[in-house]
Amino acid sequence: DVKVTQSSRYLVKRTGEKVFLECVQDMDHENMFWYRQDPGLGLRLIYFSYDVKMKEKGDIPEGYSVSREKKERFSLILESASTNQTSMYLCASSLPGVGTGELFFGEGSRLTVL
Amino acid sequence: KQEVTQIPAALSVPEGENLVLNCSFTDSAIYNLQWFRQDPGKGLTSLLLIQSSQREQTSGRLNASLDKSSGRSTLYIAASQPGDSATYLCAVKGNQAGTALIFGKGTTLSVSS
Numbered sequence: 001d002v003k004v005t006q007s008s009r010y011l012v013k014r015t016g017e018k019v020f021l022e023c024v025q026d027m028d029h030e031n032m033f034w035y036r037q038d039p040g041l042g043l044r045l046i047y048f049s050y051d052v053k054m055k056e057k058g059d060i061p062e063g064y065s066v067s068r069e070k071k072e073r074f075s076l077i078l079e080s081a082s083t084n085q086t087s088m089y090l091c092a093s094s095l096p097g098v099g100t101g102e103l104f105f106g107e108g109s110r111l112t113v114l
Numbered sequence: 001k002q003e004v005t006q007i008p009a010a011l012s013v014p015e016g017e018n019l020v021l022n023c024s025f026t027d028s029a030i031y032n033l034q035w036f037r038q039d040p041g042k043g044l045t046s047l048l049l050i051q052s053s054q055r056e057q058t059s060g061r062l063n064a065s066l067d068k069s070s071g072r073s074t075l076y077i078a079a080s081q082p083g084d085s086a087t088y089l090c091a092v093k094g095n096q097a098g099t100a101l102i103f104g105k106g107t108t109l110s111v112s113s
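Line order of the protein sequences matches chains A and B. First residue of the first sequence? That's 1 in my numbering, and the numbers climb one at a time after it. First residue of the second sequence? That's 1 in my numbering, and the numbers climb one at a time after it.
Derived from the structure by calculation, the hints contain no laboratory data. Cβ atoms here follow ideal geometry from the backbone N, Cα and C, with glycine treated the same way. Any given hint could be a false lead.
What the hints assert, rightly or not - Straight-line Cα separation of at most 25 Å, SDA-like style, residue types lysine to any residue; simulated pairs:
no. : chain 1 : residue 1 : chain 2 : residue 2
1   : A       : K3        : B       : S59
2   : B       : K1        : A       : R44
3   : A       : K55       : B       : K68
4   : B       : K1        : A       : E62
5   : B       : K42       : A       : K53
6   : A       : K3        : B       : Q57
7   : A       : K57       : B       : K1
8   : B       : K105      : A       : R68
9   : B       : K42       : A       : S65
10  : A       : K3        : A       : V24
11  : B       : K1        : A       : Q6
12  : A       : K3        : B       : S85
13  : B       : K42       : A       : T86
14  : B       : K1        : A       : V24
15  : B       : K68       : A       : G101
16  : A       : K70       : A       : L114
17  : B       : K42       : A       : Q6
18  : A       : K3        : B       : T58
19  : A       : K3        : A       : E56
20  : B       : K1        : A       : T5
21  : A       : K53       : B       : G94
22  : B       : K42       : A       : V19
23  : B       : K1        : A       : L41
24  : B       : K42       : A       : E107
25  : A       : K71       : A       : R9
26  : A       : K71       : A       : T5
27  : B       : K42       : A       : D28
28  : B       : K42       : A       : Q85
29  : B       : K42       : A       : L78
30  : A       : K57       : A       : S87
31  : B       : K42       : A       : G42
32  : B       : K1        : A       : I60
Claimed, not checked - Far from chain B, some chain A residues (derived; all Cβ distances over 10 Å):
no. : residue
33  : V12
34  : F20
35  : D26
36  : L45
37  : K53
38  : R68
39  : K70
40  : E79
In isolation and in its complexed conformation, chain A is listed as follows (with noise of 0.2 Å):
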């Protein structure tokens, strides 16, 4: 079975604190997305890596970063955390396009920011 882990399931920051969260999927794939979800607005599409070193903005890349140094890593860095990024994060993974494309969960990270 394909396992995408998410190291934190719940964070508590403070504004201005510098927040990582981490993504690691064992299946071998080459995609990687992250995604907020909020009540009435669904899932948004933060950012996504096709390949190792590479990113692409989603939806809403402001105030967040990504980096994927290593095939199976991808992590969501919020550089300076503010009240109004209190969400769930959700990572997944995916074959390339070429392939099935069915992508592929964590269980999420729920972070509050006070």
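Using the hints provided, position chain B relative to the given structure of chain A.
Frame of chain A; chain B shown alone:
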């Protein structure tokens, strides 16, 4: 820009009932469509994936259909059970390189015993 809509936003049914969840999308140029289940506070679990060349996929009591020309997909759940209570989301992937999935906002299903 692709938009995905799921109606209704919430649905309550008694146990044993057959039900249909709806998903519509505005751009028919899709690569595939995927249905997910999400339990409260958890991540998304993939249920069914339909490629653009397929009409339907089945897994157990679940059947998903795809009509690309009309921009619609349905998820049919047979003989519903309380354990089916969850939020169901559909998502479409465009067939241009570099596109990610676009999600609907989901239908929250409650099955009462």
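Legend entry - In rising order, the numbers of the hints this structure does not comply with: 3, 5, 8, 11, 14, 16, 20, 36
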